[in-house]
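Undergrad: Sequence:
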Amino acid sequence: MSISVEITGISAVTPIGVGIAEFTDGLKNGHTNYTSVNLELENQQFRFPIAQNPDLDIKKYFQQHPSNDELFKKAIRLRNLSKGFQMGIYTALDAWCNARLNDTQVDLSRVAIVACGSNFQAGNQFETMEKYRLKLQSLSASYGINFLDTDIVGTISELIGIKGEGYTLGAASASGNMGLVQGSRLIRTGEYDVVIVVAPMMALSIYEFVGFTEMGAMAKLKDNGDPAHLCRPFDKEHAGFVFGENAACVILESSEHVQKRNAESLAEIRGYGVVLDANRNPNPDLNGEAAAMGKALKMAEISGNEINYVNSHGSSSPLGDQTEAEALLLAGCHSALVNSTKSLIGHGITSAGLVEVVASVIQMKEGFVHESRNLESAVKNNINWAKALNDQRQLSWCISNSYGFGGINTSIVLKNKINESRN
Numbered sequence: 002m003s004i005s006v007e008i009t010g011i012s013a014v015t016p017i018g019v020g021i022a023e024f025t026d027g028l029k030n031g032h033t034n035y036t037s038v039n040l041e042l043e044n045q046q047f048r049f050p051i052a053q054n055p056d057l058d059i060k061k062y063f064q065q066h067p068s069n070d071e072l073f074k075k076a077i078r079l080r081n082l083s084k085g086f087q088m089g090i091y092t093a094l095d096a097w098c099n100a101r102l103n104d105t106q107v108d109l110s111r112v113a114i115v116a117c118g119s120n121f122q123a124g125n126q127f128e129t130m131e132k133y134r135l136k137l138q139s140l141s142a143s144y145g146i147n148f149l150d151t152d153i154v155g156t157i158s159e160l161i162g163i164k165g166e167g168y169t170l171g172a173a174s175a176s177g178n179m180g181l182v183q184g185s186r187l188i189r190t191g192e193y194d195v196v197i198v199v200a201p202m203m204a205l206s207i208y209e210f211v212g213f214t215e216m217g218a219m220a221k222l223k224d225n226g227d228p229a230h231l232c233r234p235f236d237k238e239h240a241g242f243v244f245g246e247n248a249a250c251v252i253l254e255s256s257e258h259v260q261k262r263n264a265e266s267l268a269e270i271r272g273y274g275v276v277l278d279a280n281r282n283p284n285p286d287l288n289g290e291a292a293a294m295g296k297a298l299k300m301a302e303i304s305g306n307e308i309n310y311v312n313s314h315g316s317s318s319p320l321g322d323q324t325e326a327e328a329l330l331l332a333g334c335h336s337a338l339v340n341s342t343k344s345l346i347g348h349g350i351t352s353a354g355l356v357e358v359v360a361s362v363i364q365m366k367e368g369f370v371h372e373s374r375n376l377e378s379a380v381k382n383n384i385n386w387a388k389a390l391n392d393q394r395q396l397s398w399c400i401s402n403s404y405g406f407g408g409i410n411t412s413i414v415l416k417n418k419i420n421e422s423r424n
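Whatever position you read off the sequence shown (first residue = 1), add 1 for this note's numbering.
Hints in this document: simulated from the structure, not taken from any laboratory. Do not take every clue at face value.
Said to hold, decoys possible - With a Cα cut of at most 30 Å, we get these calculated DSBU-like pairs of lysine-lysine:
#1 Lys29 x Lys261
#2 Lys366 x Lys388
#3 Lys221 x Lys381
#4 Lys261 x Lys223
#5 Lys84 x Lys223
#6 Lys61 x Lys75
#7 Lys29 x Lys388
To be verified - Restraint-style ranges between C-beta atoms, simulated for each label pair:
#8 Asn280 x Lys237: 24 to 30 Å
#9 Gly191 x Gln106: 17 to 23 Å
#10 Ala22 x Lys237: 21 to 27 Å
#11 Ala240 x Leu40: 17 to 23 Å
C-beta: ideal position from N, C-alpha, C; glycine also.
Whenever a hint applies, use it, and build me the whole structure from the sequences.
TA: Here it is, written out as structure tokens:
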């Protein structure tokens with residue numbers, strides 16, 4: 002019997018909501034939380050747009066989690082964790098509980114962890130260097146562990162007691178999708194029953210903000226400009242992405258394990274495609290993007306016309322948006338509703354793909370397609386853009402795209418399983 006890969010738990014921490022209930026409300030109502038951040042280096046002043054919840058107190062969510070599970074009490078006692086790792090750990094524990102794995106006897110040697118991304122803590126490392134460069138002898142010994150990307154893997158494994166394999170997997174802005182691809186492969190081997198795919202927030206320093214801006218990838222915030230109008234995927238006035246503080250987790254399970262514990266499957270990963278452009282640079286490639294979608298559709302054994310909904314990469318990059326729009330048509334996704342979750346929550350970079358799959362599962366489950374904000378004059382008119390909320394939609398098939406610098410193209414095909422689970 003072939004093993005299918007089911008999604009049984011999801012969670013996210015975003016600028017428009019923490020946890021699934023808040024995130025769902027934010028998506029459905031088209032909420033945003035754009036602002037700006039002022040950064041300084043050697044008397045040089047900079048102002049950058051950002052999507053964030055400035056009042057986020059993630060520890061409060063640990064303390065008030067409705068499960069009242071011992072996992073969250075243990076997590077509160079942890080020390081020396083960055084904001085980004087706290088966000089990622091919260092989503093992992095929340096998704097674990099949402100999948101009701103905390104109420105189940107699980108063989109923890111058959112559970113694996115894939116942390117999506119790399120260079121998670123550039124911002125934290127910069128702050129540490131600035132703080133201690135003249136007093137290095139005062140640097141905490143814990144920094145020798147905390148700066149490593151794998152600290153989040155070790156922390157989650159300690160909290161839950163996981164004894165399977167675990168590691169980080171970096172693919173730039175395609176990291177979230179690549180984590181799901183790797184997690185799916187681990188399930189399909191039969192070696193693992195459950196894989197926790199988690200993407201912590203990527204913290205940027207002033208150097209990353211300036212670097213992205215100078216290369217033309219990140220939108221520039223003009224004097225007295227409104228950050229809320231800068232992120233406009235697929236609109237002719239787009240001028241680059243806006244960074245967003247996002248984290249997410251998706252719990253993958255084998256179909257056999259789901260059935261064994263009589264659990265509910267939210268969606269199934271029916272196909273995935275990964276294609277390189279043989280290109281070190283950040284420019285997109287039409288054929289690579291279309292090929293990734295084509296591979297995912299072929300694996301799912303469906304055509305592009307059967308896709309009801311596309312959660313696009315849609316970063317608000319002029320060349321990137323134009324290329325993806327053409328690739329969607331080349332892949333045959335002519336009738337699907339298309340939106341960009343980044344228009345609401347910004348671009349999480351390494352966490353983006355996973356947050357967008359969570360958003361896709363929410364929309365499939367709840368039967369709506371959220372609006373793409375600021376999409377007033379589309380780059381292509383022969384695509385079914387979701388310029389406003391589309392509710393009461395039956396979404397059976399979804400494709401979610403993520404592309405990364407260095408010519409990394411990824412696509413995930415999801416099948417809605419919520420109705421099957423209830424029947």
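Undergrad: Indicate, hint by hint, whether the structure satisfies it.
TA: Verification of the supplied hints:
1. Lys29 x Lys261: violated, 34 Å
2. Lys366 x Lys388: holds, 20 Å
3. Lys221 x Lys381: Holds - the C-alpha atoms of Lys381 and Lys221 are around 24 Å apart, at most 30 Å.
4. Lys261 x Lys223: violated, 56 Å
5. Lys84 x Lys223: holds, 28 Å
6. Lys61 x Lys75: holds, 14 Å
7. Lys29 x Lys388: Between Lys29 and Lys388 the Cα gap is close to 13 Å, so the pair holds against 30 Å.
8. Asn280 x Lys237: 24 to 30 Å: holds, 26 Å
9. Gly191 x Gln106: 17 to 23 Å: Because 20 Å falls inside the window, the suggested range holds.
10. Ala22 x Lys237: 21 to 27 Å: For Lys237 against Ala22, whose Cβ atoms are near 35 Å apart, the range 21 to 27 Å is violated.
11. Ala240 x Leu40: 17 to 23 Å: Given about 20 Å between the Cβ atoms, the range holds.
The structure fails to meet hints 1, 4 and 10 from the earlier list, while all remaining hints are met.
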